[in-house]
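Asks: Residue numbers (my numbering), protein chains in the order written: chain D, 1 to 325; chain E, 1 to 278; chain W, 1 to 535.
Worth flagging that the hints you see were computed from the coordinates, not collected in a lab.
Just to be clear, a hint being listed does not mean it is correct.
[Unchecked claim] Computed Cβ-Cβ distance ranges for the label pairs, DEER-style:
no.: 1; chain 1: E; residue 1: N192; chain 2: W; residue 2: G382; range: 24 to 34 Å
no.: 2; chain 1: D; residue 1: S135; chain 2: E; residue 2: S54; range: 53 to 63 Å
no.: 3; chain 1: W; residue 1: D368; chain 2: E; residue 2: T28; range: 23 to 33 Å
no.: 4; chain 1: E; residue 1: V255; chain 2: W; residue 2: L270; range: 53 to 63 Å
no.: 5; chain 1: E; residue 1: R56; chain 2: W; residue 2: L270; range: 51 to 61 Å
no.: 6; chain 1: E; residue 1: R13; chain 2: D; residue 2: A120; range: 42 to 52 Å
[Claimed, not checked] Examples of chain E residues lying across from chain D (beta carbon under 10 Å, computed):
no.: 7; residue: R15
no.: 8; residue: V19
no.: 9; residue: R136
[Claimed, not checked] Just so you have them, the derived chain W footprint on chain D, three or more residues with Cβ under 8 Å:
no.: 10; stretch: 74-84
no.: 11; stretch: 132-138
no.: 12; stretch: 143-150
no.: 13; stretch: 162-171
no.: 14; stretch: 263-276
no.: 15; stretch: 281-292
Ideal placement from N, C-alpha and C gives every residue a C-beta, glycine not left out.
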Amino acid sequence: MSATLWFVIRRTLQIVPVVLAIAALNFLLLHLAPGDAADIIAAQSGGASAEFTAELRRSFGLDLPLYQQFFVYIGRLLTFDLGFSNVQHRPVFDLIAERVPATLLLMVVSIGFALLIGVALGIVSAMRHRSWVDSIVSVIALLVYATPQFWLGLMLIVLFSIMFGTLPSGGMMTIATDMSVWGRAVDIGRHLILPSITLALFYVAVYARLMRASMLEVYTFDFVTTARAKGLSEARVGLVHAASNALLPVITLAGVQVGHLLGGSILIETVFGWPGLGRLVFDALLQRDLNLLLGILFISSIVVVLANLAVDLLYGFLDPRIVHQ
Amino acid sequence: MKGFLHFWRRFRRNRAALVALFVLLAITLIAIVGPYVYTVDPFEMMGRASTPPSKRFWLGTDVSGRDMLAGLIHGARVSLLIGIAASLCATLVGLIVGATAGYYGRAVDNILMRCTDFFLTIPSFVLAVVLIAIFRPSVTNVTIAIGIVSWPPVARLVRAEFIAQREREYVLAARALGMSDIEIMIRQILPNALPPVIVVSSLLVATAILTESGLSFLGLSDPNVISWGYMIGVGRTVLRLAWWMPAIPGIAILVTVLCINLVGEGLNDALNPRVQRR
Amino acid sequence: MLKSVNSIALAATILTLTAGTALAQSCSKTGGTLTYVYHPEPTALSTIATSAVPVAIISTKIYESLLSYEGAEMTPKPSLAESWTISDDKLTYTFKLRHDVKWHDGKPFTAEDVKFSVEKIIRPYHSRGKVYFGDVASIDTPDPYTVVFKLKDPVPFFMNVFQPGEAPIMPKHAFDGVDLSTAGAVRKADIMQKPIGTGPFRFKEWRKGSDIILERNSDYWRKGHPCLDQVVLRVLPDGAARAIAVETGEVDLAPMSGLPEAEILRLSKLPQLETSKAGAEALGPNMWLEVNMREKPLSDVKVRQAISLVLDREKIVDVIWYGQGTPATGPIVSANPVFYNKALKPFEYNPKKANALLDEAGYKRGADGVRFKMSQNFLPYGENWVRLAEYVRQELGKVGIVVETQSLDLGGWLKAIYTDWNFNITSTFSHNYSDPSIGVERTFTSSNIKKGATFTNSMGYKNARVDELFAKAAREMDPKARKAQFDEIQQILHNDLPVIFLVELSYTHVWNKRIHGLITNGISMYSSWDSVWKD
């Protein structure tokens, strides 16, 4: 156990330079963008004099040489200070913290849904290998792979909000403010259905196919043959022995795909007006809100790196070679 | 020629891939000659805005009264062009990075793979959005941006292949004969490592087309050409009044990407016989 | 407008007596909540931080200025100032303040707050502060309820600047401990997020990303007002969702073209809703193509006229802006009740003539039918602007001008157009504001050819006569003479085409008919709404 602990500590420490390097590269990359927040604020106020814009620039520290701005930024990061958004007039940390729940809700529900359905479909397809179920799942997976997610979202809106009128087309909750806690939860749940299905469907297909392939591979292993020889029912062999071992690559992939999911959420949040981080990234980019943008990229890279770490650690617990030694 | 026939015989066995190949060829043909046959300008405001499909406009008009069919045909060009070029770009970078890392190993490998990790840590779509916003959307820049965000998987695959091959006897023999590293990498190892790479880069075309459509939907597309993603974005504003407007270009994307994926699978069956299809 | 300034100056005492009756429309009904939708969300609750539209709408319910305004011609009426006198030389403005005004935190409002706000906050840190108060030599407060502005030179629009969004009076005591020497520190002050004003509504709650709730100020100086209990802003990012909320009655109002134009068109036909373009005359948004005149061929007026002739303004309004706008005739919008030059003729649409003009100018078609090539940019404010760029490219292509469109986001665009001047033509729009010396001058005088100043003379347009007229008008105290100066300016610009005037955009408001009394003046959405009532 102490060896495991030591491994965890070492891996966690390794993250620090990686994250700092990413932060540095983000900083340099974003400073290539033409124009800055001072220009944007002046423009949004209907235009301003050159002196006014220059004064803004000076008080935001945007007139400093790049290397100075860079050291200010890295210095702040080392004290876990994400800085102040000059466009939104608020601390970056607050802005991000506000959006995290919405994004987290959408992601957790989508990934959970995708894992549940995807794994189930994968198991069924593998156990009924080459049956009609298997074929249908394969065909659906192919179709889903080829569908632009945002377009799928639009089409679901057409179907369920416009034609049937059963589900809301966007936002996270209705406007009514007089709602009980329970009523609000149901309300958010209704708003969550379409975006989470849109986001999840692609991953359902991915996990279903991967689970199927992984199950079929596990079926060739000795311990499955042994289990069968012991006279265990096929269902028990499939579900208990094969499936639990076949889960490993699926979980690996789910962990690695956290970043991918975040990217996809820009589009989904745009389509459904979901008030999450994805949309915040895009707005911050267009408004040259560098501190905010750097803050989000910094946090998201930490999340991705941590997810990868978690996958590595899980490996230790789930690897069939360890389980069946 | 004999090799090709052999390949073709294997490819042909996958019926779905065969059909998909023909559909894809048809789409490519439309993309190449379509604009000369159906000469309507996709940017010309021809009729009333937002009309449903009719005799005059087979697929209806968009919010500016422009012919959707013309947009679809011209859009095919942009989508395929960006898809293929971005995939080639990513494959090339992936090949160079992966081959170098895999062949030399050790420090070189370590450095190159950490770079690859960096690109895998920033969500690829976010990175593409950032790159295009910075370098402004044009067909070239969009292609390069998609290429930049999609090479890491290729690099990892190529690296694995090169690691597997580099200690093989034929490589050792070539080295004994005094061949240079570059020569060994290109002449000797690459041909053996290529089949899985071809499959991956064919699938990358599909991903690139999807990415391009997402970028265009966000307004990050070259304003001088019409693309399918852009058409969806335009149609979105009138979703409630004219649902077919975003639906039609979306179906075009779906069919194209589906065909590319199927052909990719067919290629996989034909090129990598050792991997049995399950 | 100036007429009213003068008459008020003479009749200041009478006005004091009649102030109560002049604004006597009492509430027909009290109570209820007005909910309006807008997107994007305000980034602050003070126009000092930014006077962007969403901020201006909400903060003008909380903050007031010395005056309020009536009608499209913006006649000054009492607000925090109950009366005023203007000296004969038009250099001294004396405002008598109300005695019964309290800040939302209960502290009394005095002349010190006015002096502080103008000197320390508005003049240095409001984006137009220097335009408004640059000529103020001193501000004196002889007693707690008297403020005297002494000007260096006469400012004909001085009575126009005391609008709640443009010159909000802020509580001096709320800035205790705030470093007033830098814009950054002022913008970070607590009060930017948690406002303390004197207005009819006080700040209650801001649920970020969702809504802002303002509640009735029960201590409001205007007895019996406001009529409403609450004003609520709902932030809904999706345009279609905003439209549905208005349609179903979930919200009462979508101000300032807060809905997609296609949806406005649809909603305007519904019986329960009212749609109006009125109430934004003092903003006067005007859209045009800015032309970089530093190089040939665009330096040639014939080429610019040809470009103008090729563009069908009716079509741009109808097809691209879904009917929300009016073809423009010059720099001042036709809805401006005071300064618009009615003699201006509509711009002609005549591609044939354009071809002839281009031939005449020496830009003959080459063998490939091309006369010359150029690039265009567009204001990145959404889909309509992209479609406008596509239309411009298409139509210019027909007369042999090959246009390549470059897409830049706002940061890149501002830099290319107003800092680097690196463009050929670009679409943009600008506000007239309440006076041409404030909103129009900045685009067309040669003194405004300044790198780094957004929405200025990016064209490099120099016309000595225009410069002279603007300079005169900025000091002209005779309304008639001033009107004549602006008329001449409009005619010159109409002919010179330093920009290709295209469309007077409209700020269309859509509201439920149960809401009454919204449109009161030329900036109705930036007014206090103290008499707005709900059925």
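Asks: Confirm or reject each hint.
Replies: Now the hints, each set against the structure:
1. As the Cβ distance of N192/E to G382/W is approximately 52 Å, the hint placing it in 24 to 34 Å is violated.
2. For S135/D paired with S54/E, a C-beta distance near 39 Å fails the hint of 53 to 63 Å.
3. Checked against the hint of 23 to 33 Å, the C-beta distance between D368/W and T28/E comes to roughly 28 Å, which is consistent with it.
4. Between V255/E and L270/W the C-beta distance comes to about 39 Å, which lies outside the given range of 53 to 63 Å.
5. Separated by about 31 Å at the C-beta atoms, R56/E and L270/W break the suggested range of 51 to 61 Å.
6. At roughly 31 Å, the beta carbons of R13/E and A120/D sit outside the given window of 42 to 52 Å.
7. Annotation: R15/E was flagged as interfacial toward chain D, and the flag is violated, the nearest CB pair being 13 Å apart, outside 10 Å.
8. A least Cβ separation of about 13 Å between V19/E and chain D goes past the 10 Å threshold, and the interface hint is therefore violated.
9. Look at R136/E: its Cβ gets to within about 9 Å of chain D, closer than 10 Å, so that hint holds up.
10. Counting residues of the stretch 74-84 of chain D whose CB falls under 8 Å from any CB of chain W gives 1; the rule of at least 3 is not met.
11. Counting residues of the stretch 132-138 of chain D whose CB falls under 8 Å from any CB of chain W gives 0; the rule of at least 3 is not met.
12. By the rule of at least three residues with a Cβ nearer than 8 Å to a Cβ of chain W, the coverage given for the stretch 143-150 of chain D is violated, with 0 such residues.
13. Beta-carbon proximity to chain W at under 8 Å applies to 4 residues in the stretch 162-171 of chain D; the threshold of 3 is reached and the given coverage holds.
14. A stretch counts as covered by a chain when three or more of its residues have a beta carbon under 8 Å from one of that chain; for the stretch 263-276 of chain D and chain W the count is 3, and the coverage holds.
15. Beta-carbon proximity to chain W at under 8 Å applies to 5 residues in the stretch 281-292 of chain D; the threshold of 3 is reached and the given coverage holds.
Consistency with the previously given hints fails for numbers 1, 2, 4, 5, 6, 7, 8, 10, 11, 12, ordered from lowest to highest.
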